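Student: In UniProt numbering, the protein residues as written are 1 to 665.
Keep in mind the hints are simulated off the structure, nothing from the lab.
None of the values given here were measured: they were computed from a predicted structure.
Watch out, some of these pointers could steer you wrong.
Derived lysine-lysine pairs resembling DSS-like cross-links, with alpha carbons at most 27 Å apart [as the list claims (entries may be wrong)]:
| hint | residue 1 | residue 2 |
| --- | --- | --- |
| 1 | Lys348 | Lys406 |
| 2 | Lys398 | Lys77 |
| 3 | Lys599 | Lys468 |
| 4 | Lys599 | Lys617 |
| 5 | Lys77 | Lys468 |
| 6 | Lys399 | Lys599 |
| 7 | Lys47 | Lys617 |
| 8 | Lys475 | Lys512 |
| 9 | Lys77 | Lys446 |
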Amino acid sequence: MISNVYGPTDVTLKAYFFQELRSIHSFSTGIWTLLGDFNVLLSVDDKNGATTHITDILNFREVVHDLQLVDLPILNKAFTWTNGRGVPTLERLDRAFISTNWVLAFPRSTLRALPRPRSDHTPLVLSAFTFIPSTHLFRFESFWLRHPAVFDVVSIAWNSTTSASTPVNQFASKLKSVQTALRNWSVGLSSRLQRQANLCLLWIDWLDKAEERRTLTNLECALRPMLKVRYEELCLQEEIKWKQRSRVHWLKVGDANTRFFHLKATGRRNSNFISRLSNGCTLLSSHQPIADHLLSFFSNQLGEDPGSTLSINLLELYRGLNPDLSCLQDDFTTAEVRKAVFSSGPEKAPGPDGLPMLFYQRFWSLLNNDILSVFNSFHNGSAKLAEINASWLCLIPKKSDALLAKDFRPISLVHGMGKLISKVLATRLQSFMAELINPHQAAFIKGRNLFDNFSTAHVLVHHYYASKQSAALLKIDFERAFDHINWDFLIDLLRARGFAPTWISWIQEILKSANTSVILNGIPGNSFTCKRGLRQGDPLSPLLFILCVDVLFRMFQRATSSGLLQDPGIRDVRVQALQFADDLLIFLDGSPRAAAATKLILDDFAACSGLRINYDKSSLTPINLSETQATSLASSFGCTVKAFPIRYLGLPSPLRDLPDPIICL
1 MISNVYGPTD VTLKAYFFQE LRSIHSFSTG IWTLLGDFNV LLSVDDKNGA TTHITDILNF
61 REVVHDLQLV DLPILNKAFT WTNGRGVPTL ERLDRAFIST NWVLAFPRST LRALPRPRSD
121 HTPLVLSAFT FIPSTHLFRF ESFWLRHPAV FDVVSIAWNS TTSASTPVNQ FASKLKSVQT
181 ALRNWSVGLS SRLQRQANLC LLWIDWLDKA EERRTLTNLE CALRPMLKVR YEELCLQEEI
241 KWKQRSRVHW LKVGDANTRF FHLKATGRRN SNFISRLSNG CTLLSSHQPI ADHLLSFFSN
301 QLGEDPGSTL SINLLELYRG LNPDLSCLQD DFTTAEVRKA VFSSGPEKAP GPDGLPMLFY
361 QRFWSLLNND ILSVFNSFHN GSAKLAEINA SWLCLIPKKS DALLAKDFRP ISLVHGMGKL
421 ISKVLATRLQ SFMAELINPH QAAFIKGRNL FDNFSTAHVL VHHYYASKQS AALLKIDFER
481 AFDHINWDFL IDLLRARGFA PTWISWIQEI LKSANTSVIL NGIPGNSFTC KRGLRQGDPL
541 SPLLFILCVD VLFRMFQRAT SSGLLQDPGI RDVRVQALQF ADDLLIFLDG SPRAAAATKL
601 ILDDFAACSG LRINYDKSSL TPINLSETQA TSLASSFGCT VKAFPIRYLG LPSPLRDLPD
661 PIICL
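Work out the full structure, taking the sequences as your base and the hints as a guide.
Tutor: Here it is, written out as structure tokens:
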């Protein structure tokens, strides 16, 4: 059912309007959409200025909640109405709501705005498609484990003979045999289970009706509970299937939630679906042109080696700062590999092999000898990981109206075995990270957290204001930081930090053997070989990344000790910069000399590491500086001035009414 809406502008009629929406809902058949001009806001964000009718907003939200409606976001616009004045009032009055049954029936529903040549309202187009791209990719289904036959299928396939000669090739060949066997075994399985569930219901209903007319036989009395048990088992398998697709891991117990998981899976698929993309000149709407553009964009981002334009003396920078790392290249043990397998998320999205860690966990006794053989060959340097180190780039939109390739965050879905090797190495490396990394890097290190840096920043800001010192906070934005790490810089850094040649060769093999395909709406494109960057989704990548950006902290530290920069002058807080992964906050003393030195350090680090600093998105926040001084400092970086209150690490940092510092100095 489609309901065309024009809401009243008269505030006194809003209550009647909301009641009418409720009454219309009672006549809907389930698959329902309401669209039109509602003349009421759903959120305070639906207006570019102050909102006055808060009661109407709350009442409208209550109606939407009670009727279980889904508000379709407009993909390419924030507001739909303007009053047309010089300083316009902009509001979102026009929208489309869909019922949950509509979501299930039309999983590809989108809402887009058209140009507004005459009216003060923006035309909206609701597109509803039932088409979901068919990928024919192999993916292991968790509910298969409820079938005893699956263990025989996997065992027979895994133990089949293979002509491969090396442990890696043998492992890859056995995985392919398992994939083929499971694909053949599972053909038509879901439909067979659905038919069984329907038959169970028919028989249960028949027995219930028979019981009203006569006494059931002993056989019939025994059959009914068996049918109920079987039906519950079939419902559980259906729930497991949709829970795996929904990626909802927080809901552990409760009644059957199949419908909830189905809706979550459909919603997740919709939010990640890319129906259109701009290449800068043309709006692409067909699958292949979009795939070609994404391949071109990300192969340019990751598949080109720009080389370093500057080198710094890393050995001198880290002289006397390196711990003993000799145990990192010890032989791999069954215990540590097993721990890596069973500590991994069992149902996290798999890579090109289609096998989540749940597969490795449930079939560990069958796989462990072959897994250890791969690790041993990797340890002695004979393993070539290309067959088990591929990945897919899954694109997550950074905003609802993402239309450019740069508006998507690439997350790598790595082959299960490649990810397992990285996890074992990351676990070994993690035990040394606190010694390798400066104490003001709070990300990815056990025992450190976001609040450590926030509290330190709070103390420093409080100190500057209390002491009347001129200063500035410089927030630096790195452009796609993980994607731009220069591999030569990383390898030189590992040598300077005292990593053994064996460990370095392992890292090189993991980096250089990786090939990647961009996955568009479930369909992987052509692959390309990466030549720079670190894969987001690889367990090793965060640790290698903070090793790289630690160089920048040491450069600031060296500049401070040489007198080029000044520290805040507080006992126990001798820090020029705070780091949280790629989030960088720099403290300046407010002088042009400090700004020039800081800019030089940042540019030198960018030139040698490959990282790109986006000064347009960076900001400078003045402390006890005049507007002229603040503007002058910001212009030396090419960034904007942003006054307090600001947010740091997602938390507000106010200027006035600062509470007492968390750390007393």
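Student: Which numbered conditions among the earlier hints are violated in the structure presented, ordered from lowest to highest?
Tutor: Structure breaks hints 5, 6, 8 and 9.
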